[in-house]
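These protein sequence lines map, in sequence, to chains A and B. Reminder that position 363 of the first sequence reads as 363 in the UniProt record's numbering, one-by-one numbering, no gaps. Reminder that position 185 of the second sequence reads as 185 in the UniProt record's numbering, one-by-one numbering, no gaps.
Bear in mind the hints are in silico, worked out from the structure with no lab data behind them. Take these hints with a grain of salt, some might be off.
[As the list claims (entries may be wrong)] Label-pair ranges, simulated between beta-carbon atoms:
{"#": "1", "chain 1": "B", "residue 1": "Q180", "chain 2": "A", "residue 2": "S320", "range": "50 to 56 Å"}
{"#": "2", "chain 1": "A", "residue 1": "S319", "chain 2": "B", "residue 2": "L176", "range": "22 to 28 Å"}
{"#": "3", "chain 1": "B", "residue 1": "Q97", "chain 2": "A", "residue 2": "D378", "range": "29 to 35 Å"}
[Claimed, not checked] Here are the simulated SDA-like pairs of lysine to any residue, each with C-alpha atoms no more than 25 Å apart in a straight line:
{"#": "4", "chain 1": "A", "residue 1": "K342", "chain 2": "B", "residue 2": "Y165"}
{"#": "5", "chain 1": "A", "residue 1": "K355", "chain 2": "B", "residue 2": "M1"}
{"#": "6", "chain 1": "A", "residue 1": "K349", "chain 2": "B", "residue 2": "V35"}
{"#": "7", "chain 1": "B", "residue 1": "K125", "chain 2": "A", "residue 2": "K220"}
{"#": "8", "chain 1": "B", "residue 1": "K219", "chain 2": "A", "residue 2": "P150"}
{"#": "9", "chain 1": "B", "residue 1": "K120", "chain 2": "A", "residue 2": "K220"}
{"#": "10", "chain 1": "A", "residue 1": "K349", "chain 2": "B", "residue 2": "L88"}
{"#": "11", "chain 1": "A", "residue 1": "K220", "chain 2": "B", "residue 2": "C26"}
{"#": "12", "chain 1": "B", "residue 1": "K125", "chain 2": "A", "residue 2": "K81"}
{"#": "13", "chain 1": "A", "residue 1": "K349", "chain 2": "B", "residue 2": "P2"}
{"#": "14", "chain 1": "A", "residue 1": "K349", "chain 2": "B", "residue 2": "D66"}
{"#": "15", "chain 1": "A", "residue 1": "K342", "chain 2": "B", "residue 2": "F32"}
{"#": "16", "chain 1": "A", "residue 1": "K304", "chain 2": "B", "residue 2": "E162"}
{"#": "17", "chain 1": "B", "residue 1": "K120", "chain 2": "A", "residue 2": "I385"}
{"#": "18", "chain 1": "A", "residue 1": "K349", "chain 2": "B", "residue 2": "I182"}
{"#": "19", "chain 1": "A", "residue 1": "K349", "chain 2": "B", "residue 2": "Q97"}
{"#": "20", "chain 1": "A", "residue 1": "K342", "chain 2": "B", "residue 2": "K102"}
{"#": "21", "chain 1": "B", "residue 1": "K125", "chain 2": "A", "residue 2": "T228"}
{"#": "22", "chain 1": "A", "residue 1": "K349", "chain 2": "B", "residue 2": "T184"}
{"#": "23", "chain 1": "A", "residue 1": "K355", "chain 2": "B", "residue 2": "S196"}
{"#": "24", "chain 1": "A", "residue 1": "K355", "chain 2": "B", "residue 2": "T184"}
{"#": "25", "chain 1": "A", "residue 1": "K349", "chain 2": "B", "residue 2": "A29"}
{"#": "26", "chain 1": "A", "residue 1": "K81", "chain 2": "B", "residue 2": "R37"}
{"#": "27", "chain 1": "A", "residue 1": "K304", "chain 2": "B", "residue 2": "C26"}
{"#": "28", "chain 1": "B", "residue 1": "K125", "chain 2": "A", "residue 2": "E308"}
{"#": "29", "chain 1": "B", "residue 1": "K219", "chain 2": "A", "residue 2": "T228"}
{"#": "30", "chain 1": "A", "residue 1": "K342", "chain 2": "B", "residue 2": "E185"}
{"#": "31", "chain 1": "A", "residue 1": "K304", "chain 2": "B", "residue 2": "R37"}
{"#": "32", "chain 1": "A", "residue 1": "K355", "chain 2": "B", "residue 2": "R37"}
{"#": "33", "chain 1": "B", "residue 1": "K125", "chain 2": "B", "residue 2": "D66"}
By construction, the Cβ of each residue, glycine as well, lies at the ideal position given by its N, Cα and C atoms.
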Amino acid sequence: MEPQQQAGSGDAPPKQVAQAMDRLGRAARLIAEIRLGADRILEALLVSNENPRLSEKAAELTLGEEDAMRRHFLDLRTVGKQLEDSGVLSGALRSRGNSWGLHMPLVCPDGAVVAYAWKRQLAGQAGASAVDRARLALKAFSDQKRRIFPQLEDDQLNRSNNDTIKFPPTKRPRLSHRPTQSPNIDSTEQKPMLADILKSIQTEAPGVTISTYQRLEWSKRAESLASTMNDSSLEQPKEQILSNLSASFNEVAVIELVASGVFRVLVSLHPAGSTDPDAVAFFSPNEGGSYLHSRGMSVHHVFKHVTEYADKALQYFQSSDPNKALSHLLSWICSHQSLFTKNCSKCSKLLAMDKSLALLLPPVHRPYLLNSKDHDQDFATAYHIGCSSYDV
Amino acid sequence: MPVKWLMHFQPNQGTTLTSQVMAEACAVAESFPGVSRDGRWRSSMTFYRAVPRDQSLPAPSDLPRDLIGISLHDLPNEYLFVMRSQRLILRAHSSVQTVMDKLQSYKGRFFINFEGLQYKWGDFKLRIGKCLYNPNEALRGIVMEVEYLPLSSIDKSQRVMEEFYEIWREAVASKLLAGQFINTEVNFVEYGLGDSYTPQHTAVLYGMCVVQVIASSNKNQ
Chain A
1 MEPQQQAGSG DAPPKQVAQA MDRLGRAARL IAEIRLGADR ILEALLVSNE NPRLSEKAAE
61 LTLGEEDAMR RHFLDLRTVG KQLEDSGVLS GALRSRGNSW GLHMPLVCPD GAVVAYAWKR
121 QLAGQAGASA VDRARLALKA FSDQKRRIFP QLEDDQLNRS NNDTIKFPPT KRPRLSHRPT
181 QSPNIDSTEQ KPMLADILKS IQTEAPGVTI STYQRLEWSK RAESLASTMN DSSLEQPKEQ
241 ILSNLSASFN EVAVIELVAS GVFRVLVSLH PAGSTDPDAV AFFSPNEGGS YLHSRGMSVH
301 HVFKHVTEYA DKALQYFQSS DPNKALSHLL SWICSHQSLF TKNCSKCSKL LAMDKSLALL
361 LPPVHRPYLL NSKDHDQDFA TAYHIGCSSY DV
Chain B
1 MPVKWLMHFQ PNQGTTLTSQ VMAEACAVAE SFPGVSRDGR WRSSMTFYRA VPRDQSLPAP
61 SDLPRDLIGI SLHDLPNEYL FVMRSQRLIL RAHSSVQTVM DKLQSYKGRF FINFEGLQYK
121 WGDFKLRIGK CLYNPNEALR GIVMEVEYLP LSSIDKSQRV MEEFYEIWRE AVASKLLAGQ
181 FINTEVNFVE YGLGDSYTPQ HTAVLYGMCV VQVIASSNKN Q
């Protein structure tokens, strides 16, 4: 392996993208040289056929050309290997978490080279209106921003990105709901609300431990979980007892729900101290590390699928009952304590083979539709992905 | 640490175990969609017997006469000891084997190697292996280890593992293998082990499983 290739994987993504484009260019030039060489050889053969006198010269030319061709092929093989290793041909790097949101140049099946994946999507939608294009670009950039700076929840961008596109009527009025009240009263009104919500969830689901953190506190805790996982001793959670938190409730940005041996769920609130959830993620209780946050993804398939479904549940709660979205979300999360024990409500089995995913999974879809009277909300049913009857 | 179950293959009455069974079991695993081969695995077990220092004195009764030493594939730097009579497990650094050799207080009587293929299937990891008696590489049994990565609680993963076991047994039966896989049932509480799965649990499982494998292979010979 060339040293250059080794250095490539440690370089920053923009350099990798530049290198990949460069290598693709070189590959194209080599292929052109090979084509020309093949033409020359054919020509030499034709000439020596027509003009036997020139056959010796033609033979010399052919040998020279053969050498050149062999070298070109070897070079092409090297470049091809480099490209393959950097994931360009297979698109393998596209979903890498540390790629700064930049995609490796994609070689499409039709031979076109696309520097950025979303550009191709736009090109394909040539008939799309300007609004659609702007929306796609906004989504791509804000996804990128979210990946690069998860701790910087920019107010305007986040709100408009998350909600304007899908549910414009519901988000904006809330900001102007209390026009005559001063900010001080706002924050004191919110503090008991968050504490009340958490207390009622705690009584509703005693098997789940709920803790709250400020944003930076959670980052530290996530890192420390990685090291406690390496000892097989029991973890010592740094729990903040709810009753002691009255002073700092207005800075709570992360709620952690742990059902011992079953899951660890993170819900982020935005803005900090409010009762508005903006992201949720499920993890295994034995996971730890900096990727453990409300926009992160578990390494386990079962939790990946539950998290995807939870995103939809969150959007549904935000749109149908924004004032109680957090309550509903937390209740819904707590119903997952039986994730590994409750049989599917349709096929009555716990594990089922999902044909399209080729995975054995327990029922990861728990319907989240709210009844008109919300006291009956128990989120008691669960379905395998394949057994889910509706598109929720 | 993710929970594991350990099973061994029980040949049908009157049939003998051959390496063909290992190939067939691997074929069953590979027949599930989404299964991918993940390399090989190897663990080994040593059965130690106490060497009395002074032949004339009776052996002290509180010291174990037999000791099992286990080297696990997923913990290359460690070595575990199981004292089945006292229900004790010790976790040590792998260099303790050198110490044992020098001390000569216990001598390795016989050795068993486990080796085979490893598979990844979604959140499950399967390891199917031959159980080989060391001096003459005779096949004593076939074992299968099933690991469920997302969970470490034995209690919470019980139902998932049971259902997997059923799915596996049905697949084996449908492919008409000459026998079935039996799960190793252990009361971990007797060994002082808790609900959170650890390498000590694995050591106990292997200890119990090997006893059953040897018993069934002696019966069939």
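Now for the hints, and whether the structure bears them out:
no., hint, result
1, B:Q180 - A:S320: 50 to 56 Å, "holds (51 Å)"
2, A:S319 - B:L176: 22 to 28 Å, "violated (54 Å)"
3, B:Q97 - A:D378: 29 to 35 Å, "violated (56 Å)"
4, A:K342 - B:Y165, "holds (17 Å)"
5, A:K355 - B:M1, "violated (28 Å)"
6, A:K349 - B:V35, "holds (21 Å)"
7, B:K125 - A:K220, "violated (31 Å)"
8, B:K219 - A:P150, "violated (63 Å)"
9, B:K120 - A:K220, "violated (32 Å)"
10, A:K349 - B:L88, "violated (38 Å)"
11, A:K220 - B:C26, "violated (44 Å)"
12, B:K125 - A:K81, "violated (31 Å)"
13, A:K349 - B:P2, "holds (23 Å)"
14, A:K349 - B:D66, "violated (44 Å)"
15, A:K342 - B:F32, "holds (24 Å)"
16, A:K304 - B:E162, "holds (23 Å)"
17, B:K120 - A:I385, "holds (21 Å)"
18, A:K349 - B:I182, "holds (22 Å)"
19, A:K349 - B:Q97, "violated (46 Å)"
20, A:K342 - B:K102, "violated (54 Å)"
21, B:K125 - A:T228, "holds (23 Å)"
22, A:K349 - B:T184, "holds (23 Å)"
23, A:K355 - B:S196, "violated (32 Å)"
24, A:K355 - B:T184, "violated (30 Å)"
25, A:K349 - B:A29, "holds (21 Å)"
26, A:K81 - B:R37, "holds (24 Å)"
27, A:K304 - B:C26, "violated (28 Å)"
28, B:K125 - A:E308, "holds (23 Å)"
29, B:K219 - A:T228, "violated (46 Å)"
30, A:K342 - B:E185, "holds (23 Å)"
31, A:K304 - B:R37, "holds (22 Å)"
32, A:K355 - B:R37, "holds (19 Å)"
33, B:K125 - B:D66, "violated (32 Å)"
In this structure, the hints that do not hold are numbers 2, 3, 5, 7, 8, 9, 10, 11, 12, 14, 19, 20, 23, 24, 27, 29, 33, in rising order.
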